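Residue numbers (this note's numbering), protein chains in the order written: chain Z, 1 to 294; chain S, 1 to 247.
Do not take every clue at face value.
[Unchecked claim] When the alpha-carbon atoms are kept at most 20 angstroms apart in a straight line, the in silico EDC-like pairs for lysine to aspartate or glutamate are as follows:
1. 156(S) - 94(S)
2. 26(S) - 57(S)
3. 200(S) - 225(S)
4. 159(Z) - 221(S)
5. 67(S) - 134(Z)
6. 200(S) - 228(S)
[Said to hold, decoys possible] Ranges between beta-carbon positions, derived for each pair:
7. 8(S) - 118(Z): 45 to 51 angstroms
8. 197(Z) - 5(S): 37 to 43 angstroms
9. 133(Z) - 108(S): 43 to 49 angstroms
10. 57(S) - 278(Z): 50 to 56 angstroms
11. 58(Z) - 108(S): 40 to 46 angstroms
12. 115(Z) - 134(S): 54 to 60 angstroms
It is worth saying that the hints were derived from the structure and are not from the lab.
Everything numeric in this text was worked out from a predicted model, so none of it was measured.
From the three backbone atoms N, C-alpha and C, an ideal C-beta is built for every residue, glycine too.
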Amino acid sequence: MEFAQQLLQYLVSGFSTGAIYALIGLGFAIIYNATGIINFAQGEFVMLGGMLTLFFLNVARFGMIPSIILAILVATLCGVVFNRLAIKPLKKPSPLNLVIITIGGSILMRGLAMLIWDKDTHAVPAFSGSEPLDLAGATILPQHLWIFGITILAIAGNKFFFYYTISGRAMRACSYNSRAASLVGIAVERMVLFSFLLSSALGAVAGIIVAPLTMTSYDVGVMLGLKGFCAAIIGGMSSGIGTVLGGIILGILEALGAGLISSGYKDAIAFIILLLILFVRPQGLFRKAETERV
Amino acid sequence: MLKLKNINTYYGQVHALKTVSMHLNKGEIVTLIGANGAGKTTILNTISGITPPRDGEILFEGEGIVKLPPDRIVRRGVSQVPEGRQVFKPLSVEDNLELGAYLRYRSREGRGEIRKDLEKVYELFPRLLERRKQMAGTLSGGEQQMLAIGRALMAKPRLLLLDEPSMGLAPLVVQEIFRVLEMLRHEHGTTILLVEQNAKAALKLADRGYVLETGKVILEEVASELLENKEVQRAYLGRDKKEIWER
């Protein structure tokens, strides 16, 4: 294969993993913006998306589409329950407490998944066959196209929600000034719950669309969650385009690193980027200095 | 319209409001004056449900509102313009105003009605119309204050609580804001509870006033009487002790 074709191949796979990281990262950012919490359990909803789809497909014997819808619903429900049981009862928790609680929740969910299912890695069928398509010498799987399409839809939906609906703007208002938000009649508590709902749904979607490419198991959430976190950090925890770009940059760098240097360094690359960003530009790559007058 | 009965509010161990009782009649402008830390802001936040009282009763239009969360109190018709404006800085001016009508959007009220009220706010404060697409954080202090008041009005409150609307503003802007308050009472019959450092201006506008000291109401009087009250003049209106008592 020629170098140009090879490069194109890396870009294609970089873009698709990047899209996944972006979706997971958005989940981090949405909860962070609504509550100031970094929800380290975010990766588990990604795992739940994939594993539940498989469960509904193989055990309950539903079709592909009902399985996916049910998986998203159940994973979202888990997110809501997690918020109600683990986060909401706390009165004025410290950030450290929250980190420990979300990590604890993550370990619990992973453990339960292992007990309910097993420790094996499972293949999930692709949405529409696995006949590769040819793009200027690089191969694209139909699943890649699904990933691109669904990610773009999810991001556009997200953007529309946060900028053009009153509930979305109310959620942003809560993140900027929660006291003032409650003074205009926004139920801040409900918005927090809603942010968990939205994030777990996005996480589940990410887990479902990536599962046919990477397979799934009870512990895929760990790595995917951390990569999503990394994307959100690159994007400065914005619940918009910043995190999306962060995910794509991360995905492409990983693919290039794996292809040109060594696939053994794939994960290391993500964490080196994470550390660099945190040291050099903790506000993220794209966040403008905020203009305001007092 | 509003009645506070023996309200005690605490911040942790600090006893911030000590058995405070007060009332507002419909259509009245009442002002709270007192030094920093006397508990003026706490009274507003207690009414709004942000710092609920430990005991005592608050009746709004005859119904108890003590146990309600802040958003439910707004729904009843009580809006607060908080100290320091507290606009949503990264959102546009118009978004801020529309969020003021959040509950009306939720209750499926017609967009047309809300739009009309938006136009009315722009009529009150033409400066906001000029800057409607601008981020609220880029407005000047006075404009942010107008925005905060406009945002509260978008909820169509029957009782408006204002916390130091003149703080840090140029005298001309203060005049404009007070003119709007006067107008609100006249044209919409809005009842207003006004907390002010600028006691003189507040007493000129208000019908009645309460004087607070260290969490207690020490005086309740018709505003014009308070303006004449020698002790009030000395403590809050900036007159010299000699000028009043040793002439």
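Hints, one by one, checked against the model:
The straight-line distance between the Cα atoms of residue 156(S) and residue 94(S) is roughly 16 angstroms, inside the 20 angstroms bound, and the hint therefore holds. Under the criterion of a C-alpha separation no larger than 20 angstroms, the hint pairing residue 26(S) with residue 57(S) is consistent with the structure, at around 19 angstroms. Simply put, residue 200(S) and residue 225(S) have alpha-carbon atoms about 12 angstroms apart, close enough for the 20 angstroms limit, and the pair holds. Of the supplied pair hints, the one linking residue 159(Z) and residue 221(S) is violated, its CA atoms being roughly 54 angstroms apart against a limit of 20 angstroms.
Of the pairs offered as hints, the one joining residue 67(S) and residue 134(Z) is violated, with about 65 angstroms between alpha carbons and a cut-off of 20 angstroms exceeded. Restraint check for residue 200(S) and residue 228(S): the C-alpha separation of about 11 angstroms stays at or below 20 angstroms, so the hint holds. Checked against the hint of 45 to 51 angstroms, the pair residue 8(S) and residue 118(Z) fails, with Cβ atoms roughly 59 angstroms apart. Separation of residue 197(Z) from residue 5(S) is about 40 angstroms and conforms to the stated range, judged on CB atoms against 37 to 43 angstroms.
At roughly 47 angstroms, the beta carbons of residue 133(Z) and residue 108(S) sit within the given window of 43 to 49 angstroms. A hinted range of 50 to 56 angstroms holds for the C-beta pair residue 57(S) and residue 278(Z), which are about 52 angstroms apart. At about 44 angstroms, the CB distance of residue 58(Z) to residue 108(S) agrees with the hint of 40 to 46 angstroms. A hinted range of 54 to 60 angstroms holds for the C-beta pair residue 115(Z) and residue 134(S), which are about 55 angstroms apart.
Hint violations for this structure: numbers 4, 5 and 7, all remaining hints satisfied.
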